[in-house]
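Asker: As given, the protein sequences belong to chains A and B, one line each in that order. 262 is the number of the first residue of the first sequence in our numbering; add one for each residue after it. 238 is the number of the first residue of the second sequence in our numbering; add one for each residue after it.
A couple of the hints might just be wrong.
[Unchecked claim] Result set (DSSO-like, lysine-lysine): computed pairs, CA atoms no more than 30 Å apart in a straight line:
#1 Lys639(A) - Lys328(B)
#2 Lys681(A) - Lys694(A)
#3 Lys609(A) - Lys721(A)
#4 Lys307(B) - Lys500(A)
#5 Lys307(B) - Lys639(A)
#6 Lys573(A) - Lys648(A)
#7 Lys484(A) - Lys358(B)
#8 Lys678(A) - Lys721(A)
#9 Lys348(B) - Lys498(A)
#10 Lys503(A) - Lys372(B)
#11 Lys678(A) - Lys694(A)
#12 Lys338(A) - Lys503(A)
#13 Lys498(A) - Lys358(B)
#14 Lys326(B) - Lys639(A)
#15 Lys617(A) - Lys312(A)
#16 Lys348(B) - Lys423(A)
#17 Lys632(A) - Lys694(A)
#18 Lys500(A) - Lys328(B)
#19 Lys372(B) - Lys307(B)
#20 Lys326(B) - Lys307(B)
#21 Lys648(A) - Lys389(A)
#22 Lys573(A) - Lys326(B)
#23 Lys629(A) - Lys313(A)
#24 Lys573(A) - Lys307(B)
#25 Lys503(A) - Lys573(A)
#26 Lys573(A) - Lys372(B)
#27 Lys769(A) - Lys500(A)
Treat the hints as calculated values from the structure; they're not laboratory data.
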Amino acid sequence: MTQDKENQSGKKGLSRRDFMKTTGGMAAVAGLSGGGLLLGAKSAGAVEMPKKWDEEFDVVIIGSGFAGLAAAIEAKKAGSSVVILEKMRVPGGNSIINGGLIAGAGTPLQDKEGIKDSADTMYQDMLKAGLGINHPELARIVCEKSAETIMWTVEDLGVVYKERVTHLGGHAVPRSYYTTNSSGAGIVRPMLDRARSLGLDVRTAMYLERFFKDEDGRIKGVKIRSGYVFPRADSGKAKLIKARKAVVLATGGFGFDVPFRTIQDPRLTAEIDCTNQPGATADGLIQALQTGATPVQLSWIQLGPWASPDEKGMGIGYIFAISAAFPYGFMVDPKTGQRFVDELADRKTRADAILKTGHFAIGIADEKGVKRTAMLDKMVERGIVKKFPNLEALAAEYDINEPGLRETVEKYNAYLKKGKDDEFGRPFQSDAKPVENPPYYAMRLWPKVHHTMGGIQIDKESRVISMARQPIKGLYAAGEVCGGVHGAVRLGSNATVECLVFGRIAGKSAANQDVWT
Amino acid sequence: MDEPGRNPLNFQYKHAALRLTFVFAGLILSGVFVGCCFAADKNPSVQGGNCQGCHGAQAQVLPAGHVETKGQNMDFCGQCHQGPESSLKGKLPLSHSHFLSGIHCAECHEKIASPEPLRTKQCFSCHISAAEVAKRTAGQNPNPHNSIHYGPDLDCDLCHHVHRQSENFCNQCHEYTFTVP
Ligand SMILES: Cc1cc2nc3c(=O)[nH]c(=O)nc-3n(C[C@H](O)[C@H](O)[C@H](O)COP(=O)(O)OP(=O)(O)OC[C@H]3O[C@@H](n4cnc5c(N)ncnc54)[C@H](O)[C@@H]3O)c2cc1C
């Protein structure tokens, strides 16, 4: 720290530059977080300003998913000069590989189908799933703006959705719009087109290395590595970009970042696969923390309980789990042959229960149970789902305790008959049939990291809040890099809408910021 | 952007004096292949089928008994290497197929002494455009050059490498088995 006092600017205040230079990643976060609390907002994380910038823009956007692109479009439309910087070689982050589902309350499609819904109902659903630890004011904004945001994607961007709303787990009513190509690309690509029509291209291979926070506490620019080759931190050339108005951080979640996520939740080692793109790492988040942002609920990391260990990433096996085994069959622990959780509980309850057994679970359905399962042939062909003439063969394949399994089938069919699951209280589908008709189908289940609910703190205007409980001037954030909206558990299709709502807010707020001189 | 004299998608292997070519599959099979551009910049005029020109006079890069490749080109290779069994697609490094098609170091790299990475635009000086490349694989499902995620916008070198093994960018998430030349 003595070096700090002698920093070239000669100013009092605290320069973190040398500290950052000699400390890497996590250690720096820990040190600075502590320092931030002790030192107050103004100078925490401040570094010496460059004498010369390579380029300058009003608004500098980091990340090119839903949040970053929404911010870019709004800031540009508000008259600011804008640049979008993306570290990967491709734009779109997790958004462009997402499932294409977006939730909205009180939408035209719901009206058409006579579904009654309101922002308040959606809000209650979010709080219930989120175990009530959602930041209420943020969750409410998402719900209130959900329908108008979907309409914005239709009217302003030209996004095309399927004709019906989808009903996803944890939502009181069907409220999810679904892109016609079943991918988030159905939204991101029109956003890229819109950005292009405004004269904005995503600059790829541009990695945010750090923020420039001045002694007055304002973020005034960023250091980028241009020509960056993921994940080599030293690749590319340093470039200094001045942000005359603001920087918008939209770097997404950190699901793919094994070291960082195991710090937050030590169970989530490399043994556990991930549905995210490889660039879903914590580096943007860490920079925000370094500069004094407040962390929110970082250890709430969502795993998908429907995932198969026999394929990569999101894959296709989840379709058998969510459309056959969970609603029309059951899941057992092979060691005992017994069920161990309500197969239709929220994602967290189910994933935790599987992890607790310490080994793969087996999802099972019979011929009647797979009636609604798309792509079954493909799953069987790839060995993700297997087909058996009888239960003995199934038990033998997965080394399942056979007497246990027979007992489970009997019990399950009895519960179904009387309409009540005595063990786990699972609701039965009205068209569910006893599991007794061969062939039987089964898959191995092992959760994969899917979403990081935690992140940095923002307020209703998307301003990043420091640990001194003040907005960090010149810094906005939106999307999965932020925490609080979803609390403990995110409901399916609520991330897309969150990222678009806050991305747009961040873009407008950033464009409204005064220019520093 | 088209350069006259080159037919982008169906290379016209102009320097075609046909002779032979089991060569490069052999290179790969025997694991002897090394990127030859750097060696070749010592002799940028070396012909594609002249293994020793890059690999050194002693190098035994082809299986014993392989026909002589010196002076040959891609069309010649294709006379024997046809069909799924013996096709060179995905086996022959792109540096070799480019050389055998008469595309030498200096035609892609401005400074062959310290070659810079290529930009996709440069690839299109022969391969025309993303749309044209996508057309070429239109029969494939999914079409890697026009995917629902990235459309025709991916850079060539996310998959196709000239000086090392090519890879399948889609397979970061998917498990497709199509061959990437
Ligand atoms: C397979 C999958 C399916 C999903 N399906 C759905 C769904 O159907 N509905 C739903 O609501 N949600 C879904 N989600 C969740 C949702 O897609 C994400 O929460 C959302 O896309 C996040 O958007 P974002 O803009 O915050 O971040 P992203 O889209 O991830 O974009 C962030 C970008 O920032 C870049 N970046 C990171 N660090 C840096 C840095 N240091 N410098 C420069 N750039 C950087 C990243 O490379 C990335 O491109 C899904 C997620 C996955 C993985």
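Asker: So, for every hint listed, does it hold in this structure?
Answerer: Here's how the hints hold up against the structure:
For the given pair, Lys639(A) sits about 28 Å from Lys328(B) by alpha-carbon distance, which is consistent with the 30 Å threshold. Of the supplied pair hints, the one linking Lys681(A) and Lys694(A) holds, its CA atoms being roughly 14 Å apart against a limit of 30 Å. For the proposed pair Lys609(A) and Lys721(A), the alpha carbon gap of about 27 Å is at most 30 Å, so the pair holds. Between Lys307(B) and Lys500(A), the direct Cα distance comes to roughly 48 Å. Violation of the 30 Å bound is thereby established for this hinted pair.
A threshold of 30 Å between alpha carbons decides the hint, and for Lys307(B) with Lys639(A) the separation of about 46 Å lies outside it, so the pair is violated. The suggested pairing of Lys573(A) with Lys648(A) holds, with an alpha-carbon distance near 21 Å, which does not exceed 30 Å. Simply put, Lys484(A) and Lys358(B) have alpha-carbon atoms about 27 Å apart, close enough for the 30 Å limit, and the pair holds. Restraint check for Lys678(A) and Lys721(A): the C-alpha separation of about 50 Å exceeds 30 Å, so the hint is violated.
A threshold of 30 Å between alpha carbons decides the hint, and for Lys348(B) with Lys498(A) the separation of about 20 Å falls inside it, so the pair holds. With a CA separation close to 42 Å, the supplied pair Lys503(A) and Lys372(B) exceeds the 30 Å bound. Taken as a hint, the Lys678(A) and Lys694(A) pair is honoured in the structure, with Cα atoms around 9 Å apart against an allowance of 30 Å. A threshold of 30 Å between alpha carbons decides the hint, and for Lys338(A) with Lys503(A) the separation of about 20 Å falls inside it, so the pair holds.
Taking the CA atoms of Lys498(A) and Lys358(B), the gap is about 21 Å. The hint holds against a cut of 30 Å. Distance hint between Lys326(B) and Lys639(A) is fulfilled; the C-alpha atoms sit about 26 Å from each other, no more than 30 Å. For the proposed pair Lys617(A) and Lys312(A), the alpha carbon gap of about 55 Å is over 30 Å, so the pair is violated. As the CA atoms of Lys348(B) and Lys423(A) are separated by approximately 52 Å, the hinted pair breaks the 30 Å bound.
In summary, the hint linking Lys632(A) to Lys694(A) is supported, as the alpha carbons are separated by about 11 Å, within the 30 Å threshold. At most 30 Å may separate the alpha-carbon atoms for a hinted pair to count; Lys500(A) and Lys328(B) exceed this at roughly 39 Å. Restraint check for Lys372(B) and Lys307(B): the C-alpha separation of about 34 Å exceeds 30 Å, so the hint is violated. Of the supplied pair hints, the one linking Lys326(B) and Lys307(B) holds, its CA atoms being roughly 20 Å apart against a limit of 30 Å.
Our distance criterion of 30 Å between C-alpha atoms is broken by Lys648(A) and Lys389(A), whose separation comes to about 37 Å. Our distance criterion of 30 Å between C-alpha atoms is met by Lys573(A) and Lys326(B), whose separation comes to about 26 Å. With a C-alpha separation of about 69 Å, the suggested pair Lys629(A) and Lys313(A) falls outside the 30 Å cut-off, and the hint is violated. For the proposed pair Lys573(A) and Lys307(B), the alpha carbon gap of about 44 Å is over 30 Å, so the pair is violated.
Distance restraint check for Lys503(A) and Lys573(A): the Cα-Cα separation of roughly 40 Å exceeds the 30 Å cut-off, and the hinted pair is therefore not satisfied. Distance hint between Lys573(A) and Lys372(B) is fulfilled; the C-alpha atoms sit about 29 Å from each other, no more than 30 Å. For the suggested pair Lys769(A) and Lys500(A), the alpha carbons sit about 26 Å apart, so the restraint of at most 30 Å is met.
In summary, the structure is inconsistent with hints 4, 5, 8, 10, 15, 16, 18, 19, 21, 23, 24, 25 from the numbered list given earlier, while agreeing with the others.
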